[in-house]
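J.: Here is how the chains run, residue by residue.
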Amino acid sequence: MIEKLKHILAHGLINLIRAGWGGIASIATIGVSFVIIGIFLLLVLHLNALVAEWKEQFQVSVFLDDRITPTQLEILGKRIQNEAAVKATTFTTKEEALANFRRELKGQESLLEGLGDNPLPASFQLKIREGYQSPDTLKRLSAFLSRLEGVEDVQYGQEWIERISNIVRIMKLLGIIIGSVLTLGSAMIVSNTIRLAVYARASEIEIMRLVGATKAYIRAPFLVEGMLQGSLGALLALGLLFAAYRFVALTFNLTSPLLPTAANRGFLESSMMASLVGGGAMIGALGSSIAVRRFLKM
Amino acid sequence: MGSKKEVYQGCLAMIQMFHVYKTFGKDLEALVDVDLHVHKGEFVFLAGSSGAGKSTLLRLTFRDELPTSGQILVNGRNIVRMKSRAVPPLRRTLGIVFQDFKLLRDRTVEENLTLVARVVGMPTLEGQRRVEQLLKLVGLSHKAKTPPYKLSGGEQQRVAIARALMNDPLILLADEPTGNLDAELAADVIRLLLEVNERGTTVLVATHDLKLAKEAGRRTVFLKQGRIVEEWS
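In order, the protein sequence lines correspond to chains A and B.
Under numbering that gives the first Met the number 0, the first residue of the first sequence is numbered 0, with each subsequent residue one higher.
Under numbering that gives the first Met the number 0, the first residue of the second sequence is numbered 0, with each subsequent residue one higher.
Keep in mind that a hint or two might mislead.
Unchecked claim - Cβ pair distances, simulated, as ranges:
#1 B:Glu194 <-> A:Leu195: 40 to 46 Å
#2 A:Gly184 <-> B:Gly40: 56 to 62 Å
#3 A:Gly184 <-> B:Lys25: 36 to 42 Å
#4 A:Ile16 <-> B:Lys135: 34 to 40 Å
Stated by the list, open to error - As a list, the in silico DSSO-like pairs of lysine-lysine whose alpha-carbon atoms are at most 30 Å apart:
#5 A:Lys138 <-> A:Lys93
#6 A:Lys5 <-> B:Lys142
#7 B:Lys101 <-> A:Lys5
#8 B:Lys135 <-> A:Lys3
#9 A:Lys93 <-> A:Lys105
#10 A:Lys138 <-> A:Lys86
#11 B:Lys149 <-> B:Lys135
#12 A:Lys3 <-> B:Lys142
#13 A:Lys3 <-> B:Lys101
#14 B:Lys82 <-> A:Lys214
#15 B:Lys135 <-> B:Lys39
#16 A:Lys3 <-> B:Lys144
#17 B:Lys213 <-> B:Lys101
It is worth saying that the hints were derived from the structure and are not from the lab.
Backbone N, C-alpha and C define an ideal beta-carbon position, used for all residues, glycine too.
Please construct the entire structure, taking both the sequences and the accompanying hints into account.
T.: Okay, structure coming up:
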C-alpha cells in the first residue's frame with residue numbers, strides 16, 4: 000500500500016519533471032488564469048466589505064447650523080427621532096467632530112494646524128430602518144430634514160452605495176463568467192500536457208496492462224501530475240497576486256487612516272488561499288482525467 | 000457461471016474455447032468456430048501463416064479482445080462474461096511474450112523486471128529475489144544493469160520471457176517469440192520455453208515456423224483463415 004502510494008506520488012512528480020516545457024506552460028496558464036480570477040475576487044471582496052461598512056456607518060448625516068440654540072436643538076432631535084424611518088440617532092458636537100477627525104488623522108495632525116476656529120459642524124447621525132433604505136425614501140427624508148430649522152445640510156451616501164453595489168454585482172457576474180472560461184481553458188491545457196505524457200509512456204502503460212496493473216494504478220500518477228500542475232499554478236498566482244497587492248497597497252497608500260477600515264482588510268484569508276490552491280488541484284485533476292479517459296485506452 | 004462439471008473440467012483444462020468466432024468490422028473473419036482445449040501443463044504450438052488468426056486467438060486468451068460469439072474459459076473461469084474489473088487479476092495469472100519483446104528502452108534489464116513486481120504489489124525484497132532467480136534461469140544474470148537495446152535479439156527475448164515469468168504464471172502465451180531471431184537463437188528460445196513448461200507452466204506458442212514446431216515435437220494446432228484445420232501431437 001505504502002509502496003503503491005510512493006510509486007504514484009513519485010511518478011506523478013517524475014512525469015511533471017519529464018513534461019518539461021509542457022508542464023511549465025500548463026502551470027503558467029493556470030497561474031495567469033488564477034491571477035485574473037484572484038483580481039476579481041480581491042476587488043469583489045474589498046468592495047463588498049466597503050459597501051457593508053458604509054451601509055452600516057453613514058446612512059444619513061444631518062449637519063447643523065452653528066447658530067442653532069439649545070431649544071431648537073432639542074426640538075430638532077425629537078422631530079428626527081419621531082420619523083418612522085429613523086431607527087436610532089447619535090449626536091456629535093462640534094468638539095467631538097474635531098476630536099474624531101483628529102483621531103482619524105493620527106500621525107498627520109499637522110494637517111490641522113492653521114485651522115483657526117473649529118470648522119466642523121455638529122451633526123446627527125441617523126440609522127435607517129431596513130424597510131426604508133431605498134434611495135427614494137431616503138431622498139424624501141433628506142428633503143424633509145433639510146427644511147427643518149437649524150439644519151444646514153443633509154447628506155446620504157445611499158445612492159452611490161447602491162451604485163457601487165450594482166457594480167460589485169456586475170463584477171461578480173463578470174468574474175464568474177471569465178473565471179469559468181479560464182478554468183475550462185486551463186483544464187484543456189492540462190489535458191493536453193497529460194495527453195503528451197500518456198503518449199510518452201505508451202509502451203510502459205501497455206506493459207503494465209499486460210502484466211495485470213489495475214486501471215487506478217495506471218491512471219493515478221497522471222492524476223497526480225495534473226493536480227500538481229493545477230496547485231502549483233494556483234500557488235504561483237497567489238505569489239504574484241500578493242506581490243502586486245503589496246505594491247498597490249504601498250504605492251497608493253491604502254493603509255491611510257482616511258480610508259474606511261474595509262480597505263485595510265488585507266490580502267485573501269488563508270482559508271480562501273487554501274481553496275484557490277485546492278481549486279487549482281481540482282482543475283488539474285479534471286484536465287488530466289479528460290486526457291486519461293480519452294487517450295488511455297484500456 | 001457454468002455447471003459444476005464445467006468448473007471441474009476447468010481444473011484439468013487450462014484454456015477452453017467453445018465455438019469461438021471473431022469478426023473485425025463487417026466481414027473480416029479472424030476466427031471461425033474455433034474449439035480448442037489446452038490442458039494443464041501442456042505445451043502447444045499454434046501454427047499458421049500470418050493472418051491465419053494466431054495472434055487473435057492469443058489476444059482473446061488474455062482478454063485483449065472479446066470474441067464475437069462463443070465462450071472462453073481460462074483456468075476454469077469464463078473470461079468472456081468476466082467484468083473488466085476482473086481482468087487485471089486474470090492477467091496476473093498469465094505471462095505474455097511478443098515478437099517485438101516490448102522491453103522499455105530507458106530502463107535496465109533488472110528494472111524491466113521489477114516493473115512487474117511493483118505493478119502487482121510484490122514486496123521489494125521478494126521482487127529482487129525473483130529477478131535474480133529468473134535472470135539466472137534465462138542465463139542473463141551478468142546483464143542485469145544493461146539497457147535492453149545493448150543486448151542481442153535472442154537475449155532481449157530471454158529478458159522478455161523472464162519478465163513474463165515474474166508473476167509465476169499458470170499460462171505462458173508467446174506470440175511469434177522467435178519471429179525476429181535467426182534459427183539458432185530461435186531454437187534457444189524454444190528450449191527455454193520447453194524448460195519453463197517442464198517446471199509446470201502451461202505454454203501456448205504461436206509461430207509461423209513449422210520446422211521449429213516439428214523439431215520440438217509437441218502438440219501443434221494449425222490455423223488457416225481463422226479455422227483449426229489440422230492437429231499433430
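J.: Now look at each hint and say whether the structure bears it out.
T.: The hints, checked one at a time:
1. B:Glu194 <-> A:Leu195: 40 to 46 Å: Given range 40 to 46 Å: holds, Cβ gap about 42 Å.
2. A:Gly184 <-> B:Gly40: 56 to 62 Å: 59 Å, holds
3. A:Gly184 <-> B:Lys25: 36 to 42 Å: 41 Å, holds
4. A:Ile16 <-> B:Lys135: 34 to 40 Å: Hint holds: Cβ distance 35 Å, inside 34 to 40 Å.
5. A:Lys138 <-> A:Lys93: Given pair Lys138 (chain A), Lys93 (chain A) holds - Cα atoms ~25 Å apart, limit 30 Å.
6. A:Lys5 <-> B:Lys142: With a Cα-Cα distance of about 28 Å, the restraint between Lys5 (chain A) and Lys142 (chain B) holds, given a limit of 30 Å.
7. B:Lys101 <-> A:Lys5: Holds, at roughly 25 Å.
8. B:Lys135 <-> A:Lys3: 28 Å, holds
9. A:Lys93 <-> A:Lys105: 19 Å, holds
10. A:Lys138 <-> A:Lys86: 17 Å, holds
11. B:Lys149 <-> B:Lys135: 19 Å, holds
12. A:Lys3 <-> B:Lys142: 27 Å, holds
13. A:Lys3 <-> B:Lys101: OK: Lys3 (chain A) and Lys101 (chain B) at ~23 Å, within 30 Å.
14. B:Lys82 <-> A:Lys214: Status holds; Cα separation ~13 Å.
15. B:Lys135 <-> B:Lys39: 25 Å, holds
16. A:Lys3 <-> B:Lys144: 24 Å, holds
17. B:Lys213 <-> B:Lys101: 27 Å, holds
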